[in-house]
Amino acid sequence: MRPAPAPGPLPASMQLTSDGRLRHFLTLEGLSAPLLTEILDLAESFTTVTAQPVKKVPLLRGKTIFNLFFEPSTRTRTSFELAAKRLSADVMNMNISTSSTTKGESLLDTLRNLEAMHSDMFIVRHSQSGAAQLIARHVAPHISVLNAGDGQHSHPTQAMLDMFTIRREKGPLNTLRVAIVGDILHSRVARSQIHALNILNTPEIRVIAPKTLLPKNVEELGVQVHHSLDRGLRDVDVVIMLRLQKERMRGALLPSENEYYRLFGLTRERLALARPDALVMHPGPANRGVEIASDVADGPQSVILKQVSYGVAVRMALMSMCMGNPPGSHE
Amino acid sequence: MRPAPAPGPLPASMQLTSDGRLRHFLTLEGLSAPLLTEILDLAESFTTVTAQPVKKVPLLRGKTIFNLFFEPSTRTRTSFELAAKRLSADVMNMNISTSSTTKGESLLDTLRNLEAMHSDMFIVRHSQSGAAQLIARHVAPHISVLNAGDGQHSHPTQAMLDMFTIRREKGPLNTLRVAIVGDILHSRVARSQIHALNILNTPEIRVIAPKTLLPKNVEELGVQVHHSLDRGLRDVDVVIMLRLQKERMRGALLPSENEYYRLFGLTRERLALARPDALVMHPGPANRGVEIASDVADGPQSVILKQVSYGVAVRMALMSMCMGNPPGSHE
Amino acid sequence: MRPAPAPGPLPASMQLTSDGRLRHFLTLEGLSAPLLTEILDLAESFTTVTAQPVKKVPLLRGKTIFNLFFEPSTRTRTSFELAAKRLSADVMNMNISTSSTTKGESLLDTLRNLEAMHSDMFIVRHSQSGAAQLIARHVAPHISVLNAGDGQHSHPTQAMLDMFTIRREKGPLNTLRVAIVGDILHSRVARSQIHALNILNTPEIRVIAPKTLLPKNVEELGVQVHHSLDRGLRDVDVVIMLRLQKERMRGALLPSENEYYRLFGLTRERLALARPDALVMHPGPANRGVEIASDVADGPQSVILKQVSYGVAVRMALMSMCMGNPPGSHE
Chain A
7 MRPAPAPGPL PASMQLTSDG RLRHFLTLEG LSAPLLTEIL DLAESFTTVT
57 AQPVKKVPLL RGKTIFNLFF EPSTRTRTSF ELAAKRLSAD VMNMNISTSS
107 TTKGESLLDT LRNLEAMHSD MFIVRHSQSG AAQLIARHVA PHISVLNAGD
157 GQHSHPTQAM LDMFTIRREK GPLNTLRVAI VGDILHSRVA RSQIHALNIL
207 NTPEIRVIAP KTLLPKNVEE LGVQVHHSLD RGLRDVDVVI MLRLQKERMR
257 GALLPSENEY YRLFGLTRER LALARPDALV MHPGPANRGV EIASDVADGP
307 QSVILKQVSY GVAVRMALMS MCMGNPPGSH E
Chain B
7 MRPAPAPGPL PASMQLTSDG RLRHFLTLEG LSAPLLTEIL DLAESFTTVT
57 AQPVKKVPLL RGKTIFNLFF EPSTRTRTSF ELAAKRLSAD VMNMNISTSS
107 TTKGESLLDT LRNLEAMHSD MFIVRHSQSG AAQLIARHVA PHISVLNAGD
157 GQHSHPTQAM LDMFTIRREK GPLNTLRVAI VGDILHSRVA RSQIHALNIL
207 NTPEIRVIAP KTLLPKNVEE LGVQVHHSLD RGLRDVDVVI MLRLQKERMR
257 GALLPSENEY YRLFGLTRER LALARPDALV MHPGPANRGV EIASDVADGP
307 QSVILKQVSY GVAVRMALMS MCMGNPPGSH E
Chain C
7 MRPAPAPGPL PASMQLTSDG RLRHFLTLEG LSAPLLTEIL DLAESFTTVT
57 AQPVKKVPLL RGKTIFNLFF EPSTRTRTSF ELAAKRLSAD VMNMNISTSS
107 TTKGESLLDT LRNLEAMHSD MFIVRHSQSG AAQLIARHVA PHISVLNAGD
157 GQHSHPTQAM LDMFTIRREK GPLNTLRVAI VGDILHSRVA RSQIHALNIL
207 NTPEIRVIAP KTLLPKNVEE LGVQVHHSLD RGLRDVDVVI MLRLQKERMR
257 GALLPSENEY YRLFGLTRER LALARPDALV MHPGPANRGV EIASDVADGP
307 QSVILKQVSY GVAVRMALMS MCMGNPPGSH E
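Residue numbers (this note's numbering), protein chains in the order written: chain A, 7 to 337; chain B, 7 to 337; chain C, 7 to 337.
Treat the hints with care, as some may be off.
To be verified - Here are the simulated lysine to any residue pairs, SDA-like style, with alpha carbons at most 25 angstroms apart:
#1 B:62 x A:207
#2 B:62 x C:207
#3 C:176 x C:207
#4 A:222 x A:207
Claimed, not checked - Sample of chain C residues lacking proximity to chain A, with all beta carbon distances greater than 12 angstroms (derived):
#5 47
#6 62
#7 148
#8 158
#9 181
#10 207
#11 209
#12 309
#13 311
Hint data in this document are derived by calculation from the structure and do not stem from the laboratory.
All C-beta atoms, glycine included, are put in the ideal place defined by N, C-alpha and C.
The task is simple: from the sequences and hints, build the whole structure.
Here it is, written out as structure tokens:
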């Protein structure tokens with residue numbers, strides 16, 4: 007199975023059951039504000055679980071969850087694995103590159119085999135856009151697929167933990183100015199954040215980037231475009247810095263690391279242009295001295311580590327909802 | 007410890023306790039029809055566990071099971087790991103090539119160490135025939151060894167899940183015609199299937215292969231030999247296709263993939279020569295277009311994915327029996 | 007984060023809580039005899055757990071333990087993982103070399119992320135002396151760090167399982183003569199053993215080695231120095247053989263394997279110089295025919311495999327104490 011390079015449009019209904027509950031979690035496109043709020047509310051209740059001495063609830067006991075990571079990842083894989091274990095599920099980590107796909111077995115055959123072993127959920131990370139979606143189209147009816155990042159397309163659980171962090175630290179999204187800074191063009195994180203912010207009625211979403219790192223017609227996503235960091239940061243409540251892939255610097259897109267830092271790096275001086283209590287966020291891992299100054303990443307306005315903490319609770323909520331557990335059933 | 011290339015004959019009693027219960031599961035040779043039937047019956051009851059929402063029974067809680075895979079394998083390792091987790095055992099996956107054997111420690115020393123940590127079971131896959139047997143000869147009395155495939159010798163859990171599949175889909179073995187097609191010579195799967203079919207009194211067992219892919223004196227195993235697929239398939243109830251190792255095609259044994267497919271590939275036209283309701287089986291992963299046509303592998307007579315499903319239940323039964331749990335004790 | 011090559015002195019209090027309980031377990035230096043005895047006593051009670059059919063207690067249920075092995079290790083990692091699972095903790099194995107440190111993330115950032123996911127304990131093995139200590143200095147207050155071996159500095163859990171083995175097989179340490187034989191200079195195991203033996207008031211500790219394999223001023227550690235194995239072994243109650251790193255033989259430190267064996271290898275003849283009931287110990291994996299004869303390693307006086315067995319119980323005790331469980335709370 008070769009995931010198509012450009013995934014076709016996803017029917018909004020594909021992620022939902024006939025009665026509107028979450029079945030897969032592939033992309034934020036097409037999801038409603040009430041559903042996103044339900045996810046955030048459930049995640050809120052899971053933060054109490056992760057703060058207990060016994061960080062475990064039996065909600066997914068006896069469920070089998072496969073972590074299918076076709077791209078290497080420490081923090082995302084770990085976060086999902088922990089979320090699954092804290093829900094008491096059985097988690098299987100599949101290192102796909104060393105698997106029997108080397109025996110010439112196609113990806114689809116591998117998945118059908120895992121399916122046949124009575125799996126309940128596939129967590130999928132893949133370097134090709136649309137991979138999780140393609141898998142979701144082919145799985146048996148009782149299986150849920152969660153997208154843990156597909157190519158440059160979507161990283162919806164990251165976006166949800168970002169929304170959770172903002173709501174928890176700043177209050178409802180529908181009163182805030184949020185800026186996303188950096189390589190919007192190649193970022194699945196940015197794409198998912200913009201969708202989530204729009205769904206939750208964020209009144210002002212700014213993207214700040216050099217022209218070479220912006221998708222064409224980005225304004226159509228419902229964002230304001232800035233090419234100057236100083237101007238773009240003015241009065242925002244939240245600054246989300248994106249990781250700059252080092253390989254971008256080698257091509258024609260960017261002059262150099264130093265030049266990028268000079269123009270788009272978040273320093274203390276620049277952060278002062280935002281609201282005094284503005285949050286600093288980053289999906290991690292941060293390139294200190296490239297897109298963000300070390301003292302800002304570790305500073306009092308940074309919630310970078312809180313994002314990581316909340317990530318486990320948000321993923322517990324998503325796993326639990328996809329498995330059909332009504333909100334509140336673990337209390 | 008270097009497993010001898012040709013394992014000596016195994017005393018039938020070695021796999022059994024003094025009162026006839028299963029202790030190790032290394033090979034089908036020497037086991038009785040009632041014992042095999044007991045395994046199949048217990049597996050039957052485990053299929054209800056894997057179909058439950060909570061796919062877990064506490065039978066092996068607190069037991070420590072080591073997955074010792076000296077050869078790479080996705081599906082077999084995963085199947086054993088899932089079986090162990092669904093029995094509530096603690097499973098340890100040992101990647102032996104990266105282990106301290108690189109520090110010059112011998113295999114036997116490694117095993118004695120795992121043993122000393124109060125292991126209960128070793129699941130062993132090894133490229134050398136007789137490896138699991140050799141290990142079983144040396145382990146402490148409380149430890150069970152399950153053979154997950156040794157060289158070209160034996161793959162007894164695969165054969166048992168095949169027997170289970172046939173019995174479940176077709177009824178008792180003692181009324182059926184079964185054909186095994188392909189590289190009998192190098193196949194541990196075929197060798198174990200032939201033993202199992204004979205023990206369960208299958209009246210007609212056919213092997214279908216080019217002369218170069220048959221062991222010498224194969225008739226002595228109690229099978230009919232066919233060199234023509236068309237003739238061999240006539241009126242059989244079950245067709246088991248074997249995976250063709252690509253490396254065989256490069257040597258003198260076979261002309262080419264295309265030529266093999268032309269002569270021994272299972273197509274729809276050929277399958278029509280068997281009984282109309284004949285089962286199509288394959289231990290996986292299948293080489294589509296080499297030993298089997300894609301539409302046959304995915305067709306209505308194929309039970310390939312059922313084999314995978316049942317495999318977990320069959321392995322749960324074998325693990326549970328080796329650990330001394332009487333049939334029915336999980337109900 | 008680059009662990010400094012020479013770790014600074016560790017304040018004795020760093021490993022203890024304000025009321026004197028164990029928080030981290032990094033080195034034996036500065037710990038008291040009563041605390042070591044408490045560890046040994048608790049481990050004693052855990053040996054009954056590992057001997058039960060259900061080898062599991064719920065003491066650390068819902069705790070999250072990260073196995074952070076920056077150096078490859080089979081037996082130590084396995085022993086810790088088993089200890090954690092038998093305490094019902096959730097264990098995460100991190101293969102650090104393949105982690106996102108390859109994305110340029112620093113070790114400290116990785117740890118802060120794991121911390122943010124509500125970890126409870128880090129088990130750390132690292133090739134640089136002082137690594138576990140450095141990590142312990144930086145972790146959040148609720149996290150415990152256990153040193154699973156750092157460079158040539160310390161391997162305190164190994165030393166404690168050795169003390170446990172000696173006490174169990176020979177009685178109290180304060181009446182015994184113990185010899186440590188081999189490459190003292192490069193051995194973290196020897197360093198920790200010497201500390202433990204001194205704390206437990208062992209009246210006579212001998213180190214036996216060629217001059218090239220002894221640290222300068224080794225006498226200051228409270229040991230007798232011998233350069234002749236024959237003389238050093240006379241009348242000892244315990245002989246601890248150290249593993250000879252093969253790479254030492256290539257340098258100027260040692261003439262050859264054969265020559266080393268001739269001078270410092272433990273043979274049956276030599277062992278006869280010790281007390282008739284002297285224990286033979288080795289932290290493993292042993293180089294048979296280099297530092298120890300095979301028949302001695304497997305002989306009646308050898309307790310090498312008992313060391314491995316007791317290791318799990320000792321690590322359960324240490325994990326449990328660091329997590330704040332009072333001795334006896336699992337009974």
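*asked:* Does residue 47 (chain C) clear chain A by more than 12 angstroms, comparing its Cβ with all Cβ atoms of that chain?
replied: Since the minimum Cβ distance to chain A is about 25 angstroms, residue 47 (chain C) lies beyond 12 angstroms and the statement holds.
*So is residue 158 (chain C) really clear of chain A, every C-beta pair being over 12 angstroms apart?*
Its Cβ never comes within 12 angstroms of chain A, the nearest being 28 angstroms, so this holds.
*Run the C-beta distances from residue 148 (chain C) to all of chain A and say if the shortest one exceeds 12 angstroms.*
violated, 10 angstroms
*Regarding the assertion that residue 207 (chain C) does not contact chain A, is the least Cβ-Cβ distance greater than 12 angstroms?*
holds, 37 angstroms
_Interface-negative label, residue 62 (chain C) against chain A, beta-carbon threshold 12 angstroms_ = Non-interface label stands for residue 62 (chain C): nearest chain A Cβ at 15 angstroms, farther than 12 angstroms.
*Mind checking the alpha carbons of residue 62 (chain B) and residue 207 (chain A) for me, to see if they're no more than 25 angstroms apart?*
violated, 43 angstroms
*Looking at residue 209 (chain C) again, its CB stays over 12 angstroms from all of chain A?*
Per Cβ check, residue 209 (chain C) is outside 12 angstroms of chain A; nearest 43 angstroms; holds.
*asked:* With the threshold set at 25 angstroms, check whether the alpha-carbon distance from residue 222 (chain A) to residue 207 (chain A) stays at or below it.
replied: holds, 23 angstroms
*Any Cβ of chain A at or closer than 12 angstroms to residue 309 (chain C), or is the non-interface label fine?*
holds, 36 angstroms
_Given the hinted pair residue 62 (chain B) and residue 207 (chain C), is their Cα-Cα distance within 25 angstroms?_
violated, 50 angstroms
_Need the status of pair residue 176 (chain C), residue 207 (chain C): alpha-carbon distance at most 25 angstroms?_
holds, 15 angstroms
*Over 12 angstroms to the closest beta carbon of chain A is the bar; see if residue 181 (chain C) clears it.*
holds, 42 angstroms
Checked against the numbered hints above, the structure breaks hints 1, 2, 7 and satisfies the rest.
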